Amino acid sequence: MATTNFENMQVIYQHPESLLDKNTHYCPGCTHGVAHRLVAEVLDEMNLRDKTIGVASVGCSVFAYNYFDFDFVEAPHGRAPAMATGVKRVHPDKIVLTYQGDGDLISIGTGEITHAAARGENITVIFINNANYGMTGGQMAPTTLPGQKTTSSPKGRDVEQAGYPIRTSEMLATLDGAGYIVRRSLHDPKHIRQAKKAIRMAFETQVRGLGFSMVELLSTCPTNWHLSPVEATHWLEENMLPFYPLDDFKVHPALKNLNF
Amino acid sequence: MPLSGTIVVDENLCKACELCIVNCPVQVIALDMEHITPRGFHPATLVKEGCTGCGTCAVVCPEAAITVYREKRAEKERA
Chain G
1 MATTNFENMQ VIYQHPESLL DKNTHYCPGC THGVAHRLVA EVLDEMNLRD
51 KTIGVASVGC SVFAYNYFDF DFVEAPHGRA PAMATGVKRV HPDKIVLTYQ
101 GDGDLISIGT GEITHAAARG ENITVIFINN ANYGMTGGQM APTTLPGQKT
151 TSSPKGRDVE QAGYPIRTSE MLATLDGAGY IVRRSLHDPK HIRQAKKAIR
201 MAFETQVRGL GFSMVELLST CPTNWHLSPV EATHWLEENM LPFYPLDDFK
251 VHPALKNLNF
Chain Z
1 MPLSGTIVVD ENLCKACELC IVNCPVQVIA LDMEHITPRG FHPATLVKEG
51 CTGCGTCAVV CPEAAITVYR EKRAEKERA
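Chains as they are written, first to last, in full-length UniProt numbering: chain G, 1 to 260; chain Z, 1 to 79.
Worth flagging that the hints you see were computed from the coordinates, not collected in a lab.
Some hints here could point you the wrong way.
Restricting the straight-line Cα-Cα distance to at most 27 Å, the calculated cross-link-like pairs of lysine-lysine (DSSO-like) are [said to hold, decoys possible]:
#1 Z/LYS48 / G/LYS190
#2 Z/LYS72 / G/LYS190
#3 G/LYS256 / G/LYS197
#4 G/LYS197 / G/LYS22
#5 G/LYS256 / G/LYS94
#6 G/LYS51 / G/LYS94
Not close to chain G: a few residues of chain Z, all C-beta gaps over 10 Å, as computed [said to hold, decoys possible]:
#7 ALA30
#8 ASP32
#9 GLU34
#10 THR56
Note that the coordinates shown come from a computational prediction; the quantities given were computed from them, not determined experimentally.
All C-beta atoms, glycine included, are put in the ideal place defined by N, C-alpha and C.
Could you build all of it, start to finish, from the sequences and the hints given here?
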């Protein structure tokens, strides 16, 4: 191929400044990386990097503090919203976000997230839903689909025995303290762009002090689903989208006219 | 005449997940089977002419490994 002359070229897309130029521990094709990048891009666009404090959870996202180029603290398992509450109340002028997976947020941390939303804490939660416990080896999580095979449900999730999955966004949207609750997916370019807009909206909610904001992101887990990264995006589209519909479950009236 | 573009893949970050390859609208990206990265992957690379610099590969890249460049429009074209 001919060598490219970069002098006549403009940069369309590059590594965001809020994300360190580091190799992540995530498996190839894992959409955690996409979620990290979107958060970093939004903070860059809003020029909030210097005043942002992140709270990392336990799970695959446990090392999130190694990848973002702003201040981060690590919370005990499930307790990220409680810690974020403390950080935000002490530093009301800072932007506080938690980055949690489904095992952390809706299993061990159900109490924390529910009450943080009920209190209307002015924090932003990025919630990664990949339908299993990724870090520990793909066990059944509260978000595992009925009939889905995991290492702890080898014959598929039996709802008679293990109960039904929780639709977190729908549940939290019933609480009055919530300002912005939506679900998006990361399986193709169109949905990734929509997810970025939702993350922007969530931070706008916090900047305007409109209450608790959360973006649920449907994500792939190729390793534990035993699929290639490309097959995993198809599995998500065919199986997760019908069960977890993409919608705006709660949008504060003051946000409705915002457009990016 | 469509604008021409190009991509540069950071070989230290690419993990050969192939998401950029399947999502490229003009099918100009492939894994470089002749080359191996320090982390042991065959990195994604531009293999054909025809890149428009649309940025879709960078949107789906989980490692933020792709920098996308696009040719600047001429002044009269922009008007």
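Unsatisfied constraints (hint numbers, rising):
Of the numbered hints given earlier, the structure breaks just one, which is hint 10.
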